[in-house]
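Trainee: Going down the list, the sequences are from chains A and B. Residues 1 to 104 (the working numbering) are what the first sequence spells out, left to right. Residues 1 to 204 (the working numbering) are what the second sequence spells out, left to right.
Rather than coming from a laboratory, the hints here were simulated on the basis of the structure. All of these numbers come straight from a predicted model, not from anything done at the bench. Ideal placement from N, C-alpha and C gives every residue a C-beta, glycine not left out. You may find that some hints are simply not true.
[Unchecked claim] In silico DSS-like pairs for lysine-lysine, Cα to Cα no more than 30 Å straight-line: (1) Lys74/A / Lys95/B; (2) Lys22/A / Lys21/B; (3) Lys21/B / Lys92/B; (4) Lys21/B / Lys95/B; (5) Lys74/A / Lys22/A; (6) Lys22/A / Lys95/B; (7) Lys74/A / Lys21/B; (8) Lys92/B / Lys74/A; (9) Lys22/A / Lys92/B.
[What the hints assert, rightly or not] Each pair of labels, with its calculated beta carbon distance range: (10) Val91/A / Asp175/B: 35 to 41 Å; (11) Tyr29/A / Val43/B: 37 to 43 Å; (12) Ala8/B / Arg79/A: 20 to 26 Å; (13) Asp175/B / Pro77/A: 17 to 23 Å; (14) Ile158/B / Ala92/A: 32 to 38 Å; (15) Phe47/B / Arg79/A: 22 to 28 Å; (16) Met94/A / Ala8/B: 41 to 47 Å.
[To be verified] Covered, in the sense of this in silico footprint (three residues per stretch, anywhere, with C-beta under 8 Å from a C-beta of chain A), are these stretches of chain B: (17) 71-78; (18) 98-106.
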Amino acid sequence: MSEAGEHTASVASSDHEHEAPKYMLIWLYLFILTVAEVGVALLDVLPKWVIVVSLLAMAVWKAVLVAMYYMHLKFEPSRLRLVAVAPLPAVAIMIIVIMMEYVL
Amino acid sequence: MAHAATAARPPERGLDVYTQKVGMWVFLCSEVMFFAGLIGSYVVLRFGASSSWAEPNEVLNVTVTAINTFILICSSVTMVKAFAAAEAGDQKGIKTYLLATTALGALFLGVQVYEYYELIFHQSWAGSHGFTPQAGLYGATFFTMTGFHGFHVLLGVICLGWATIRAYQGHWGADNTHGLEVLGLYWHFVDLVWIILFTIVYLI
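When you get a sec, could you build the whole thing from the sequences and use the hints?
Mentor: Spelled out as structure tokens, the structure:
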């Protein structure tokens with residue numbers, strides 16, 4: 001168990017030694033995106049669809065930053081990334097089917 | 001003969017990731033489906049009844065909630081710093097950052113309770129006194145989604161409190177990081193869901 005712990009620490013620490021400073025950079029990106037989102041949302045001059053699309057894009061961007069860097073997905077084996085994104089097609093199907101109930 | 005064939009087969013390679021982390025990720029996948037059901041229903045209900053929905057800042061306080069969103073993002077930073085400190089064996093860092101994460105999570109909850117109080121007692125909507133879960137579809141969906149998210153935050157804060165107590169007992173270190181990492185994954189997920197919820201519920 002200590003060997004596994006050492007292995008994890010050495011692999012992870014080598015990942016984190018050059019990666020650790022990026023945590024604050026990602027925080028800065030998240031802060032800027034949050035301010036931008038609030039600014040866009042309260043702008044009345046843009047068409048509604050432009051506001052909605054840009055807000056969703058920024059939200060997804062922030063979510064991806066958190067998932068890739070804070071949840072460490074960028075540095076995990078690709079099999080674990082596959083597990084993490086596995087529910088997304090199911091989510092898309094569920095939302096499309098709910099919409100079809102109302103629209104059709 | 002069958003036993004010999006089984007013994008000769010090499011063990012399954014698996015995900016090259018320790019079991020607890022895989023378990024937490026699979027749990028988070030189920031949470032994705034849970035929140036997707038809530039958010040998907042909200043989107044469909046709203047676009048089917050857009051005339052009885054408020055514009056941003058009309059009922060909900062976008063500024064206070066934006067600050068609250070930032071508080072939760074900061075707590076994600078302190079959580080990841082706590083884990084980095086654990087990997088480096090920095091006991092002081094573990095305690096400081098875990099305490100900060102717990103405090104920021106509790107602050108988020110406090111602000112949300114304040115927000116609920118203001119909405120229920122000092123905000124009117126569609127002629128009714130008070131914006132409550134009974135205030136039409138808008139109120140029902142708002143309180144359901146933010147309420148469930150707040151419940152997840154509460155569970156996270158309780159676990160973080162426990163992890164902080166364990167940190168002061170010297171439990172975490174370079175040879176014992178798995179528990180912190182798994183807790184961190186849950187906390188970052190709670191932050192991630194709030195990022196989506198804040199955008200869809202408050203800003204759109």
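Trainee: Evaluate each hint against the coordinates.
Mentor: Cross-check of the supplied hints:
1. This hinted pair checks out: Lys74/A and Lys95/B have alpha carbons roughly 27 Å apart, not beyond 30 Å.
2. Restraint check: the Cα-Cα separation between Lys22/A and Lys21/B comes to about 23 Å, which is no more than 30 Å; the hinted pair holds.
3. The suggested pairing of Lys21/B with Lys92/B holds, with an alpha-carbon distance near 25 Å, which does not exceed 30 Å.
4. Between Lys21/B and Lys95/B, the direct Cα distance comes to roughly 22 Å. Compliance with the 30 Å bound is thereby established for this hinted pair.
5. Distance hint between Lys74/A and Lys22/A is fulfilled; the C-alpha atoms sit about 13 Å from each other, no more than 30 Å.
6. At roughly 21 Å between alpha-carbon atoms, Lys22/A and Lys95/B fall within 30 Å of each other, so this suggested pair holds.
7. The hinted pair formed by Lys74/A and Lys21/B meets the criterion: a straight-line CA distance of about 15 Å does not exceed 30 Å.
8. Distance restraint check for Lys92/B and Lys74/A: the Cα-Cα separation of roughly 28 Å lies within the 30 Å cut-off, and the hinted pair is therefore satisfied.
9. For the hint linking Lys22/A to Lys92/B, the alpha-carbon distance of about 21 Å falls within 30 Å, and the restraint holds.
10. Evaluation of the 35 to 41 Å hint for Val91/A and Asp175/B yields a pass: the beta carbon distance comes to about 38 Å.
11. Here the CB-CB span from Tyr29/A to Val43/B is close to 26 Å, at odds with the stated 37 to 43 Å.
12. A beta carbon spacing of about 25 Å between Ala8/B and Arg79/A agrees with the range 20 to 26 Å that was offered as a hint.
13. One distance hint, 17 to 23 Å for the beta-carbon pair Asp175/B and Pro77/A, holds here, with the actual separation near 22 Å.
14. Look at Ile158/B against Ala92/A: about 33 Å separates their beta carbons, and that is inside 32 to 38 Å.
15. Taking the beta carbon of each, Phe47/B and Arg79/A are about 37 Å apart, not inside 22 to 28 Å as hinted.
16. Separation of Met94/A from Ala8/B is about 44 Å and conforms to the stated range, judged on CB atoms against 41 to 47 Å.
17. Three residues within the 8 Å Cβ limit are the bar, and the region 71-78 of chain B against chain A gives 4, so the coverage statement holds.
18. Check on the region 98-106 of chain B: 0 of its residues sit with their Cβ under 8 Å from a Cβ of chain A, so the three-residue criterion for coverage is violated.
In terms of the numbered hints stated before, the structure departs from hints 11, 15 and 18, listed from lowest to highest.
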